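Protein chains: 2
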Amino acid sequence: MKNYFVAKSRRLRSTPYTSRIENQGVTAYSVYNHMLLPAAFGSLEDSYYHLKEHVQVWDVAGERQVEISGKDSGKLVQLMTCRDLSKSNVGRCYYCPIIDDKAGLINDPVILKLGEDRWWVSIADSDVILFAKGLAIGNNFDVNIFEPNVDILAVQGPKSFKLMENIFGKKITQMKFFSFDYFEFAGAKHLIARSGWSKQGGYEIYVENTESGLVLYDKLFEAGKEFNVKPGCPNLIERIESALLSYGNDMDNNDNPLECGLDKYVNLDTEVNFLGKEKLKEVRKKGITRKLMGVMIEAKEINVSKSINLTNDKNSKIGELRSGVYSPHFKKVIGIAMLDKPYCEISQTFKISINGDVFEGKVCDLPFI
Amino acid sequence: MKNYFVAKSRRLRSTPYTSRIENQGVTAYSVYNHMLLPAAFGSLEDSYYHLKEHVQVWDVAGERQVEISGKDSGKLVQLMTCRDLSKSNVGRCYYCPIIDDKAGLINDPVILKLGEDRWWVSIADSDVILFAKGLAIGNNFDVNIFEPNVDILAVQGPKSFKLMENIFGKKITQMKFFSFDYFEFAGAKHLIARSGWSKQGGYEIYVENTESGLVLYDKLFEAGKEFNVKPGCPNLIERIESALLSYGNDMDNNDNPLECGLDKYVNLDTEVNFLGKEKLKEVRKKGITRKLMGVMIEAKEINVSKSINLTNDKNSKIGELRSGVYSPHFKKVIGIAMLDKPYCEISQTFKISINGDVFEGKVCDLPFI
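Residue numbers (our numbering), protein chains in the order written: chain A, 1 to 369; chain B, 1 to 369.
Please keep in mind that the hints were generated in silico from the structure rather than gathered at the bench. Possibly wrong hints are sitting among the right ones.
When chains are identical, the list treats them as one kind, so a pair holds in a single copy or across two.
As the list claims (entries may be wrong) - Here are the simulated lysine-lysine pairs, DSS-like style, with alpha carbons at most 30 Å apart:
| id | residue 1 | residue 2 |
| --- | --- | --- |
| 1 | K102 | K171 |
| 2 | K314 | K87 |
| 3 | K306 | K189 |
| 4 | K286 | K52 |
| 5 | K199 | K314 |
| 6 | K171 | K87 |
| 7 | K75 | K331 |
| 8 | K362 | K331 |
| 9 | K162 | K264 |
| 10 | K225 | K2 |
| 11 | K281 | K341 |
| 12 | K113 | K102 |
| 13 | K300 | K317 |
| 14 | K341 | K279 |
| 15 | K71 | K277 |
| 16 | K219 | K306 |
| 17 | K341 | K362 |
| 18 | K277 | K225 |
| 19 | K317 | K189 |
| 20 | K306 | K2 |
| 21 | K219 | K2 |
| 22 | K170 | K52 |
These figures come from a predicted structure and were not determined experimentally.
Isolated chain A, as found in the complex:
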């Protein structure tokens, strides 16, 4: 596959850490919420093995926050998500599908409850702030909505716990998964959550004080030497093996959360009021007509830059591959695909054409590992 350069401009925003990761050897970017998101530091496989064994620091500032505060903030946040937040607690993170009135997915953020009337919606790649503003204006809600100056540093990998303990003390290792708390460093208080876009364990540091964040970034590499720390980024192999869904890749506004296997976060039998609730009840009643599934393909290589059709023996389309990568663990290509209803069964076989060659594949459960 030929490579193309990214044309930088102010519109594709740099992060406070861009110059650092460029000195550290970033080789490719994606663009996420109008911001540069590192996508590779050389070999994807080397980074994958390193992430699973050691610890990495990621510049994931592209994961922007939408801050919603004020008297009606809880009402607005609940209106946007099909997950019941009525029993949510301050200090906790909640994975929440955001859907529109037709139940189409708009984003799948992690929502942090900062206070009874203050929330951070930590977004995937779409302008949720515009949806929130539109809803707030139209409903005449008493809220304040803005993008705060927050740039996330993720510390991921099995040795992240030791590294973070080294800097922030024992207390940070006692934090539960998807909890957050505040920790002092270099004259600033940082919100740190036990979370992150890998299944290797770790933290996300929501840096508000950029100056302190830059000192912290360097400190993570200095203190991390003994843990073999490296700069990194969300890893395509690791995230597909772990079935961490990617909005825009695996699902988009044409899909509803039930089709994407997010049933756990769809709370239809509750009192809470959210957009698309009636529509989702209809979907549940009729049953979904397609579903996001794992697939394994007997191939050694793939580059998925758009949907690739999956066909049956009669050459009819039965689904489409949306993400895929060669997995060193399975020694074949694995991917995430939307399969039509009769075909979204485990062990269903299919054919796929990759660069003109036809390969055999099989449907499987998510996650792979």
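Since the structure of chain A is provided, determine the placement of chain B on it from the hints.
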């Protein structure tokens, strides 16, 4: 400046023409509305000279449409823009700043009035569809909002008129600037507007029928041979010389349209109801505190990937450069900058540091040419 690759994925959507432009030598991409936008075919200067003399075909599918139709569509469209659309006509294009309730810019689309109750908002890089949906839901408007399957091909340059006449007949040369009409080609009807993101003249073809669009793409190159046609894209040099403002680069949600010199499109003394109207009246009354201006800098090279401070003799910040490029016409760097009020006067001098060297510059009017 070191170059970085773009990491392709389904989330950075390809266009129907991506494989064609890759065969034709595209070298760099930007990302625009979650879609690949070609940013260079080799040398920027060569493309600049070619665009000013001949004709180019641009894959600008990233300029997505938000279709808004239904009984309340006119009300919703007007609510979003500070330009008075009460006397707008079907068959015309309107450049319209979209602002929020605090008068912060959200986008600066061209809006096409397709019918009395049907509009295409042809957007710059932000998810206007989410703002429109939020407002519609909150206000309980009777509208239908979606992103239609429309991919724009722009034909730009002084020879675009001859080339388009060759394919679509004399009638297309009689169309007025910012008008549109429908033209048949290869079994499909195409909406074609006399518009485009250059000042060299030309058309934008709003392709709905992809199959016909692909035939048309090839036809444009075949028929264009005699006019020295080449593939191209919005050209950084040409667009800055012509002062075509770029949302996200030159202006963003922290700026209001009066600060950006868009006074012509801010109709405060009208009956129409739009967001931010009272706020803009306040701004007008108090006067703006900063303004978007042109600048010329005595340098031979610049790469603007984020705001660069402009300082006065006392080393105080007086503004920031947001876009800039070396202009072969002026034989110096030209750019677009936001200047604080006392300093946004023509011939105001400033200093700017580029890669560690300090250069002198001067404020000037827009456009440059």
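### Intra/inter-copy verdict for K225 and K2 if alpha-carbon distance must be at most 30 Å
For K225 and K2, only the inter-copy Cα distance (27 Å) is at most 30 Å; the intra-copy one is 35 Å.
### Message
Treating 30 Å as the Cα threshold, decide for K281 and K341: within, between, both or neither.
### Response
So K281 and K341 pass the 30 Å test inside one copy only (18 Å; across, 56 Å).
### Query
Quick one: K71 to K277, C-alpha cut-off 30 Å, is that within a copy, between copies, both, or neither?
both (23 Å within a copy, 25 Å between copies)
### Query
Quick one: K317 to K189, C-alpha cut-off 30 Å, is that within a copy, between copies, both, or neither?
between (53 Å within a copy, 29 Å between copies)
### Task
Using 30 Å as the alpha carbon limit, work out where K219 and K2 are close: within a copy, between copies, both or neither.
For K219 and K2, only the inter-copy Cα distance (26 Å) is at most 30 Å; the intra-copy one is 37 Å.
### Task
Can you give me the call for K113 and K102, within, between, both or neither, at a CA distance of at most 30 Å?
both (26 Å within a copy, 25 Å between copies)
### Homomeric proximity label, K75 with K331: Cα distance no greater than 30 Å
neither (48 Å within a copy, 57 Å between copies)
### Query
With identical chains treated as interchangeable, where does the CA-CA distance between K306 and K189 reach 30 Å or less: within a copy, between copies, both, or neither?
between (42 Å within a copy, 27 Å between copies)
### Alpha-carbon proximity context of K314 and K87, limit 30 Å
neither (50 Å within a copy, 56 Å between copies)
### Query
30 Å Cα cut-off: does K162 pair with K264 within a copy, between copies, both or neither?
Answer is neither; intra-copy 32 Å and inter-copy 60 Å both fail.
### Query
Taking 30 Å as the upper bound on the Cα-Cα distance, should K362 and K331 be classified as within, between, both, or neither?
For K362 and K331, the Cα distance is within 30 Å only inside one copy (14 Å; across copies 61 Å).
### Message
Treating 30 Å as the Cα threshold, decide for K277 and K225: within, between, both or neither.
### Response
Classified as neither: same-chain Cα gap 50 Å, cross-chain 56 Å, threshold 30 Å.
The structure fails to meet hints 1, 2, 4, 5, 7, 9 and 18 from the earlier list, while all remaining hints are met.
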